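Residue numbers (the numbering used here), protein chains in the order written: chain U, 24 to 179; chain R, 8 to 167.
Wrong hints could be hidden among the right ones.
Straight-line Cα separation of at most 27 Å, BS3-like style, residue types lysine-lysine; simulated pairs [unchecked claim]: (1) Lys174/U - Lys70/R; (2) Lys138/R - Lys150/U; (3) Lys162/U - Lys138/R; (4) Lys174/U - Lys138/U; (5) Lys28/U - Lys124/R; (6) Lys138/U - Lys143/R; (7) Lys116/U - Lys138/R; (8) Lys174/U - Lys143/R; (9) Lys124/R - Lys116/U; (10) Lys28/U - Lys83/U; (11) Lys45/U - Lys28/U; (12) Lys162/U - Lys150/U; (13) Lys104/R - Lys45/U; (14) Lys150/U - Lys70/R; (15) Lys118/U - Lys124/R; (16) Lys61/R - Lys162/U; (17) Lys143/R - Lys116/U; (18) Lys104/R - Lys83/U; (19) Lys116/U - Lys61/R; (20) Lys138/R - Lys118/U; (21) Lys124/R - Lys174/U; (22) Lys70/R - Lys28/U; (23) Lys118/U - Lys104/R; (24) Lys161/R - Lys118/U; (25) Lys104/R - Lys150/U.
No lab work stands behind these hints, which were simulated from the structure alone. In this text, all values refer to a predicted model and were calculated from it rather than measured experimentally.
Spelled out from the first residue to the last, the chains are:
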Amino acid sequence: MAVRKIEHGHYFEDFEVGHLFKHHWGRTITEGDNSFFSSVTMNFNPSYFNREYAQSLGYKNVVVNHMLVMNVVFGLSVEDLSERAIAHLGYEKMKWHETVYPGDTITSESIVLSKRDTSRPDRGVVKFRTTGYNQRGEKVLEYERPVLIRKRNPPA
Amino acid sequence: MSITNDGSYFEDFTVGDTLIHQRGRTITEADNHIFTSLVMNTAELHFNQDLIDKNPGAYVGGKLLVYGGVVLAFTVGLASEDTSENAIAEVEMDNGKHTNPVFHGDTIYAESTVLEKRDADRPDAGLVKFKLVGKKPDGTVVVEIERTVLVKRKLHYLQP
């Protein structure tokens, strides 16, 4: 019998440039997720919540809000990349690819692009490139993001 | 009334114009918790008050931080009626920065400056690039990003 505290997330020292993380879980995005997210963030592009209108633009159903796609791809990456972060700094070269529809299942993976120290010894910046896929393995989104991450053992 | 307004088609945007979007949005504790969890974000500094209370000096502002993806999504939302109600898709974002933290109770406003317009690879729509900025009421910028949207052309969709 043992009582163990199980830790999640990585520190600055844990990242190796070139390492590929295949992130956990995946997430099927439902119509409910999409309507809720679009309405509450007041995103008034009707292709996200009016099926007839979306179909008039040539889509087969409502389209999943691009910001929800981004947030799910990002969210799935957090435990591996940024659970120990001090701050998420920004987004670069973000591009949406295949249209995501309700019922599609999103998975996410990231490669470590670079690491650098900062003026403060207890933290560093790691840059990742994250890619999101649908259930057919088609790319739905990619972006790069720099994250300010704690060091496990900051120099004294 | 039509489904979308007729003032935000590709032809309606002028490079150099800045659009100040009317509405603001107070980001509540509920917004942050629900959206962070909805998208499977497991970073506790967005939702574990006890973690912050035990060592506030280790966290930005010594408070629970609103997840940046939520800040960006609300900023896009505030800009949407004026910039992407007639969009076919969001295409790209680049050079995005979270320049200041957002905490529960902060209110965000949005502005969009038209940086560029260009043809797309389809005749019924064009690409508009905006500089999107999210600000607090005192003018503090919390997020800025270049955002390219594929927008319907009036010529194609509003033929008399």
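Evaluation of the provided hints:
{"no.": "1", "hint": "Lys174/U - Lys70/R", "in the structure": "holds, 20 Å"}
{"no.": "2", "hint": "Lys138/R - Lys150/U", "in the structure": "holds, 23 Å"}
{"no.": "3", "hint": "Lys162/U - Lys138/R", "in the structure": "holds, 26 Å"}
{"no.": "4", "hint": "Lys174/U - Lys138/U", "in the structure": "holds, 12 Å"}
{"no.": "5", "hint": "Lys28/U - Lys124/R", "in the structure": "violated, 54 Å"}
{"no.": "6", "hint": "Lys138/U - Lys143/R", "in the structure": "violated, 32 Å"}
{"no.": "7", "hint": "Lys116/U - Lys138/R", "in the structure": "holds, 14 Å"}
{"no.": "8", "hint": "Lys174/U - Lys143/R", "in the structure": "violated, 31 Å"}
{"no.": "9", "hint": "Lys124/R - Lys116/U", "in the structure": "holds, 18 Å"}
{"no.": "10", "hint": "Lys28/U - Lys83/U", "in the structure": "violated, 47 Å"}
{"no.": "11", "hint": "Lys45/U - Lys28/U", "in the structure": "holds, 24 Å"}
{"no.": "12", "hint": "Lys162/U - Lys150/U", "in the structure": "holds, 20 Å"}
{"no.": "13", "hint": "Lys104/R - Lys45/U", "in the structure": "holds, 25 Å"}
{"no.": "14", "hint": "Lys150/U - Lys70/R", "in the structure": "holds, 25 Å"}
{"no.": "15", "hint": "Lys118/U - Lys124/R", "in the structure": "holds, 18 Å"}
{"no.": "16", "hint": "Lys61/R - Lys162/U", "in the structure": "violated, 41 Å"}
{"no.": "17", "hint": "Lys143/R - Lys116/U", "in the structure": "holds, 26 Å"}
{"no.": "18", "hint": "Lys104/R - Lys83/U", "in the structure": "violated, 34 Å"}
{"no.": "19", "hint": "Lys116/U - Lys61/R", "in the structure": "violated, 37 Å"}
{"no.": "20", "hint": "Lys138/R - Lys118/U", "in the structure": "holds, 16 Å"}
{"no.": "21", "hint": "Lys124/R - Lys174/U", "in the structure": "violated, 44 Å"}
{"no.": "22", "hint": "Lys70/R - Lys28/U", "in the structure": "holds, 25 Å"}
{"no.": "23", "hint": "Lys118/U - Lys104/R", "in the structure": "holds, 16 Å"}
{"no.": "24", "hint": "Lys161/R - Lys118/U", "in the structure": "holds, 25 Å"}
{"no.": "25", "hint": "Lys104/R - Lys150/U", "in the structure": "holds, 13 Å"}
When each numbered hint is compared with the structure, violations occur for hints 5, 6, 8, 10, 16, 18, 19 and 21.
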